[in-house]
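> Below, each chain spelled out in residue letters.
Number of protein chains: 4
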Amino acid sequence: MASSFGKIFTVTTFGESHGKGVGVVIDGCPAGHEISLTIIQSELNRRKPGQSAITTSRAEKDQIECISGMENGVTLGSPICLLVTNSDFKPGDYNDIQDAYRPSHADFTTEAKYGLRSKSGGGRSSARETIGRVAAASVAQQIMTRLIPECSIVAYVDSVKNIEANIDPDAALTRELVDQNIVRCPDREAAKLMEQEILKAKKNGDTVGGCIRCQVQNPPIGIGEPIFDKLEADLAKALMSLPATKGVEFGLGFSSTQLYGSEHNDAFYLEEDRVRTRSNNSGGIQGGISNGESIEIRTAFKPVSTIFKEQETVTSNNESVQLKPKAGRHDPCVLPRAVPMVEAMVTLVVFDHYLRQIVFSSTMNHQ
Amino acid sequence: MASSFGKIFTVTTFGESHGKGVGVVIDGCPAGHEISLTIIQSELNRRKPGQSAITTSRAEKDQIECISGMENGVTLGSPICLLVTNSDFKPGDYNDIQDAYRPSHADFTTEAKYGLRSKSGGGRSSARETIGRVAAASVAQQIMTRLIPECSIVAYVDSVKNIEANIDPDAALTRELVDQNIVRCPDREAAKLMEQEILKAKKNGDTVGGCIRCQVQNPPIGIGEPIFDKLEADLAKALMSLPATKGVEFGLGFSSTQLYGSEHNDAFYLEEDRVRTRSNNSGGIQGGISNGESIEIRTAFKPVSTIFKEQETVTSNNESVQLKPKAGRHDPCVLPRAVPMVEAMVTLVVFDHYLRQIVFSSTMNHQ
Amino acid sequence: MASSFGKIFTVTTFGESHGKGVGVVIDGCPAGHEISLTIIQSELNRRKPGQSAITTSRAEKDQIECISGMENGVTLGSPICLLVTNSDFKPGDYNDIQDAYRPSHADFTTEAKYGLRSKSGGGRSSARETIGRVAAASVAQQIMTRLIPECSIVAYVDSVKNIEANIDPDAALTRELVDQNIVRCPDREAAKLMEQEILKAKKNGDTVGGCIRCQVQNPPIGIGEPIFDKLEADLAKALMSLPATKGVEFGLGFSSTQLYGSEHNDAFYLEEDRVRTRSNNSGGIQGGISNGESIEIRTAFKPVSTIFKEQETVTSNNESVQLKPKAGRHDPCVLPRAVPMVEAMVTLVVFDHYLRQIVFSSTMNHQ
Amino acid sequence: MASSFGKIFTVTTFGESHGKGVGVVIDGCPAGHEISLTIIQSELNRRKPGQSAITTSRAEKDQIECISGMENGVTLGSPICLLVTNSDFKPGDYNDIQDAYRPSHADFTTEAKYGLRSKSGGGRSSARETIGRVAAASVAQQIMTRLIPECSIVAYVDSVKNIEANIDPDAALTRELVDQNIVRCPDREAAKLMEQEILKAKKNGDTVGGCIRCQVQNPPIGIGEPIFDKLEADLAKALMSLPATKGVEFGLGFSSTQLYGSEHNDAFYLEEDRVRTRSNNSGGIQGGISNGESIEIRTAFKPVSTIFKEQETVTSNNESVQLKPKAGRHDPCVLPRAVPMVEAMVTLVVFDHYLRQIVFSSTMNHQ
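Chains as they are written, first to last, in my numbering: chain A, 13 to 379; chain B, 13 to 379; chain C, 13 to 379; chain D, 13 to 379.
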């Protein structure tokens with residue numbers, strides 16, 4: 013089930029970037045919940061290309077359509093199929109690169125795996141595949157808003173190349189706040205510098221990467237599993253399944269290795285009747301299970317592989333060539349559009365584990 | 013299936029650290045392969061406590077026994093059950109901490125999830141659970157040695173606290189080389205400093221963390237999946253499912269965000285008839301699928317949570333207390349013993365994806 | 013994953029009978045195979061309503077469309093989404109029965125499960141859902157024709173009410189032969205009597221059931237699993253997942269209980285170098301694994317629940333009522349249209365187990 | 013996951029009949045429930061060989077041991093490993109039959125699948141494997157007794173060869189009642205005749221088969237899924253995964269094909285506030301989901317393949333031979349011992365679907 017994700021709220025994406033369309037089937041969605049296609053559409057609009065000067069000018073409308081699983085806007089409990097028809101496909105765009113393996117793209121490995129190569133551009137290995145993930149996560153989010161309204165999931169651009177945002181870790185971030193600039197970085201000063209860096213790269217036919225932070229505010233306590241399906245393990249898989257990701261860390265992450273245990277441990281205390289921790293170095297997860305503090309995740313995105321500079325490469329006929337792409341329509345930096353993708357994957361994991369935990373909490377026998 | 017891992021070569025671990033024993037069931041193991049219990053035992057010995065001055069003195073024998081799935085040392089194709097009986101259990105060890113949640117341990121979250129708390133120490137959330145993983149991975153490794161002998165998986169300690177090893181990335185590392193010192197760091201100078209740092213922490217009743225690098229040398233080309241089950245996504249999940257891990261990165265990882273795309277891209281060239289890359293910034297994986305270059309992974313381990321210093325905490329009866337553990341038997345640094353655990357998880361992922369790919373490569377129709 | 017089936021060739025169906033459309037996503041399809049939409053369409057035409065006087069007159073066109081997973085008619089290895097848009101939907105058809113639970117329908121149980129009832133007819137519990145299964149199985153069949161051309165899967169109507177067909181068990185049945193009459197019973201005499209029985213029931217506003225036999229001719233040897241995923245276990249699940257099925261049996265089935273072991277055992281002998289059995293009472297499967305003889309399955313279908321006679325029932329508001337449906341468009345007998353559904357489910361199981369076995373046969377070490 | 017069963021309460025069995033032992037790992041068991049090993053043992057005793065004159069005289073003690081997942085007899089929520097050590101293994105028993113394929117046994121097909129043959133008797137394809145299933149089902153049963161105490165699962169021998177029991181379908185059957193004779197048939201007259209028939213077959217070195225009925229009394233309403241995981245589909249798979257089964261039917265089963273729809277439909281009526289059906293021809297399931305009436309299942313078991321008569325067969329070296337087994341220790345009729353196996357498989361399906369439904373019923377939004 014290589015194209016499916018989630019044990020109870022299971023999403024299966026389908027579609028190539030240059031076929032008829034892309035979409036998702038959600039199996040295991042709770043019944044009786046009103047779902048707004050308008051809200052799904054607004055999430056897709058945050059993800060879609062062409063939304064600003066720092067994203068690709070490829071201009072898909074990404075109009076969502078519901079094929080099944082809802083009636084009069086209410087979930088039936090049956091599989092929900094959501095479909096986006098491709099519109100802005102220009103086959104000529106990719107003709108010149110059909111035979112040469114683009115460096116750090118999936119061309120070579122896809123051909124190694126499947127014995128053939130999609131004639132039409134990146135095919136399945138396109139960020140366009142994430143439309144289905146964002147749409148499915150919006151369904152999950154809308155139900156979570158009803159079932160666990162106190163929980164919010166918010167991501168933002170934390171760094172672009174060597175420019176880092178400076179955000180108060182206790183700030184009450186919201187998606188609205190994040191969306192106030194086109195970089196999706198809530199530190200306005202940093203956002204300006206990031207925008208300049210991205211435009212500079214774009215002008216040079218080059219690309220830049222960076223990091224996205226994501227925070228699950230007020231998560232349910234006790235979700236996650238103690239062994240293989242640890243909450244951070246499933247989150248790591250979810251995030252590393254996004255295109256262009258190269259690393260993920262939780263709480264203090266790699267920096268935690270610089271501390272002594274006595275510095276890193278999060279002391280417990282009582283806030284009225286609730287058990288809280290003085291610090292949150294663990295990032296809200298201990299032993300694979302959420303402790304109720306904010307879940308803190310940071311994900312690294314490499315610079316986009318599609319650049320407009322000459323590069324050495326090889327063709328599928330095993331000939332050495334120089335690849336000289338004409339300037340075209342691609343993202344100089346994937347970060348701003350990746351923010352809703354990160355939120356989507358985190359939402360899918362949190363909601364699925366929330367549903368998984370219901371079985372345990374409903375059937376346990378309190379001793 | 014919270015305690016199972018892998019789609020074709022599926023391992024299910026069981027056992028509490030203070031029950032009768034711990035073990036694993038492997039379902040989907042190829043038939044007809046000779047498996048040496050002695051080799052499995054030697055891997056368990058690399059993992060087991062009490063092996064040196066810088067690990068816990070808790071001295072389990074960790075003697076492996078095969079209950080099923082083999083006859084005369086040959087796999088039958090049926091489920092392989094491997095069992096290690098617990099021997100060095102002293103119930104008294106944990107009595108004083110039964111009611112207080114140990115900071116940054118799984119006590120509080122486990123109770124939140126299951127509504128009860130194992131009376132006998134860390135229970136399932138113990139590094140002891142990884143015995144089953146290491147044993148299962150040794151079975152996989154022994155079959156891989158026959159089916160893909162050119163592929164090796166080697167991990168080593170790359171940093172302890174702020175001491176970093178300096179290893180030539182092109183060095184031909186082997187497990188034998190890594191095991192030449194008790195820290196399992198092939199940079200001898202750094203290893204000595206790391207050992208001193210660990211002993212210093214131990215003396216202070218404190219703990220330290222660090223990073224482990226793992227390299228898959230000469231992996232099969234074309235394994236991994238393009239969407240959710242990307243090779244790096246499944247590796248990330250595998251590694252983040254180990255106790256005490258806080259982050260994972262591939263290739264240049266977080267550092268890749270500092271480069272331009274033109275610097276980061278790995279140019280393809282021909283080495284005789286084989287497609288190679290000039291650099292390996294991608295860490296051997298592109299679009300979720302292996303390209304044949306070394307797979308490079310780095311995992312962060314936090315400092316161990318069990319320290320022998322007074323800490324603020326709360327009991328399960330919601331009382332604020334000071335936890336004052338008596339000095340006991342615990343690891344001041346988990347890194348040296350985590351090396352075989354990292355190798356084990358990487359082996360399980362690589363072997364499972366290798367088996368998954370067999371179906372594709374055997375049934376594709378070359379155009 | 014309640015709407016998914018198959019471990020390697022995984023199909024997920026979606027769609028309500030009265031929504032926008034129904035379809036299927038196939039994940040795990042081998043790459044590089046030419047697939048004819050015309051052949052898929054011809055299978056759907058065998059399944060679709062309105063094809064003869066003995067099926068419902070509801071006249072859907074059931075036009076198949078490929079959304080993803082193929083390019084120029086060749087499979088890419090990515091998920092294949094096949095979609096059929098609903099056309100002949102008349103909402104008024106079902107208004108009068110919205111609140112009364114139709115006896116032996118899924119109205120009551122669906123409401124019990126999901127807490128709501130689809131306003132638009134049978135919703136998901138409609139034979140229309142099987143479109144996705146038949147389409148997916150046609151993809152599998154077309155690839156099997158290339159990979160295991162000697163294997164054929166043929167079903168036919170074996171009985172309708174008390175009329176039983178008389179078919180030579182060694183006859184070389186084909187789908188063409190079966191399709192020579194509208195009942196899909198290759199015994200022409202019996203077929204005529206069956207047709208009369210069906211028309212009589214239709215005239216009376218009543219319905220009839222019957223049995224379908226299915227034969228897997230020349231199956232691969234050694235497919236199936238010894239424990240839970242026995243070939244007959246997975247076939248039984250597959251067939252009992254079709255609407256209106258009430259029983260399934262293999263080989264002699266229930267009649268085998270009338271024999272002594274010495275009568276029932278299938279003696280082995282050599283036919284040139286191939287191991288064959290003198291009789292085939294086992295129906296081609298021993299210990300859950302195929303032995304190469306024809307796999308013989310018989311499935312019982314109850315009479316269709318939708319009748320045009322007055323019936324006692326209850327409404328969702330817990331009122332006792334008499335249900336008096338106006339004569340409408342429904343099948344007096346599901347058997348003729350169920351023949352391609354049975355073939356589809358058997359094909360999905362055989363192909364999936366064939367793919368599963370490839371891993372074992374490719375990696376075993378012959379002793 | 014060929015050796016695993018169940019989506020939430022997942023059981024994985026392991027062990028060969030002639031290795032060190034057999035057992036099961038249960039993953040997903042609710043926490044905090046007291047489980048009596050004595051009750052598990054009593055179920056195993058109902059299953060074990062040597063319990064009466066009409067079963068094999070092979071006399072295993074089948075002593076259950078709990079390796080993990082419980083503490084002081086209470087489930088921890090972690091994987092429960094239950095183990096039975098083999099004791100009565102006499103390797104010589106099987107030497108003479110090592111190379112000849114026993115007719116209608118799994119010898120030939122197992123060798124075809126795995127490329128080797130277990131040297132030690134039937135290996136995995138032994139009824140001994142069902143120990144793990146019965147033990148796991150007893151755990152499930154003990155928790156169900158607490159969570160859904162009104163629900164009972166009772167099976168009995170309904171026929172042996174051509175002798176059929178005559179049981180009032182409305183009788184309140186219990187396991188105690190069924191166990192009052194060694195045949196496990198609650199019709200005493202029929203039981204005597206069955207016993208004679210079994211002893212006659214035994215004397216002749218022959219075997220007999222028969223049918224087992226199973227009833228789920230007062231099942232939860234609304235469990236099961238509408239498409240592939242229909243309750244009857246999962247039950248059919250469960251029962252057809254038992255050794256020697258050849259068919260399964262629900263409610264009227266194959267007989268339902270003899271009725272008109274107007275005769276077969278189960279009219280709904282109100283019994284106080286509860287929706288009931290006048291008849292129960294459907295066997296308690298409609299559209300794959302339970303309606304609250306008794307679930308009625310009938311399973312056919314072929315006569316045991318191991319007979320003590322000369323039979324034609326072939327060896328693994330492709331030589332034709334006559335197999336002349338010495339009289340040994342085998343069951344002349346598997347039915348009495350199969351009763352607890354049938355109950356076990358039905359229990360595993362019902363409990364797993366009960367747990368699955370909890371997610372739906374807890375998260376639906378009532379319109």
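None of these hints come from the bench; they were simulated from the model. Fair warning: this is a prediction, and the values are worked out from it, not measured in the lab. It is possible that part of the hints are untrue.
Note that the list lumps identical chains together, so a pair holds whenever it fits in one copy or between two copies.
Pairs of lysine-lysine residues, derived as DSSO-like cross-links and limited to a Cα-Cα distance of at most 30 Å, are as follows [what the hints assert, rightly or not]:
#	residue 1	residue 2
1	Lys32	Lys73
2	Lys19	Lys215
3	Lys204	Lys32
4	Lys321	Lys215
5	Lys32	Lys19
6	Lys19	Lys338
7	Lys19	Lys204
8	Lys19	Lys336
9	Lys32	Lys212
10	Lys215	Lys204
11	Lys215	Lys32
> Within a copy, between copies, both or neither: which one fits Lys19 and Lys338 at a CA-CA cutoff of 30 Å?
Neither way: Lys19 and Lys338 sit 44 Å apart in one copy and 42 Å across, limit 30 Å.
> I want to check one pair: Lys215 and Lys32. Are their C-alpha atoms no more than 30 Å apart within a copy, between two copies, both, or neither?
Classified as neither; 32 Å inside a copy, 45 Å across copies.
> Given identical chains, is Lys32 near Lys19, meaning Cα to Cα at most 30 Å, within a copy, between copies, both, or neither?
Both ways: Lys32 and Lys19 sit 28 Å apart in one copy and 27 Å across, limit 30 Å.
> Within, between, both or neither: how does the pair Lys19, Lys215 come out at a Cα-Cα threshold of 30 Å?
neither (44 Å within a copy, 45 Å between copies)
> Under a CA distance limit of 30 Å, which applies to Lys215 and Lys204: within one copy, between copies, both, or neither?
This pair counts as within: shortest intra-copy Cα distance 17 Å, inter-copy 49 Å.
> If the cut is 30 Å between Cα atoms, do Lys19 and Lys204 qualify within a copy, between copies, both or neither?
Neither: 41 Å inside a copy, 46 Å across copies.
> Have a look at Lys204 and Lys32 and pick one of within, between, both or neither, based on CA distance no larger than 30 Å.
Cα proximity of Lys204 and Lys32: none, with 38 Å in one copy and 46 Å across.
> Using 30 Å as the alpha carbon limit, work out where Lys321 and Lys215 are close: within a copy, between copies, both or neither.
within (11 Å within a copy, 56 Å between copies)
> Should Lys19 paired with Lys336 be assigned to within, between, both, or neither, using CA atoms and 30 Å as the limit?
Neither, since 44 Å and 41 Å both go past 30 Å.
> With 30 Å as the alpha-carbon cut-off, assign the pair Lys32 and Lys212 to within, between, both or neither.
Neither: 35 Å inside a chain and 47 Å across chains, both beyond 30 Å.
> Can you tell me if Lys32 and Lys73 fall within 30 Å by alpha carbon in one copy, between copies, both or neither?
both (14 Å within a copy, 21 Å between copies)
In the structure shown, a violation is registered for the earlier hints numbered 2, 3, 6, 7, 8, 9 and 11, in ascending order.
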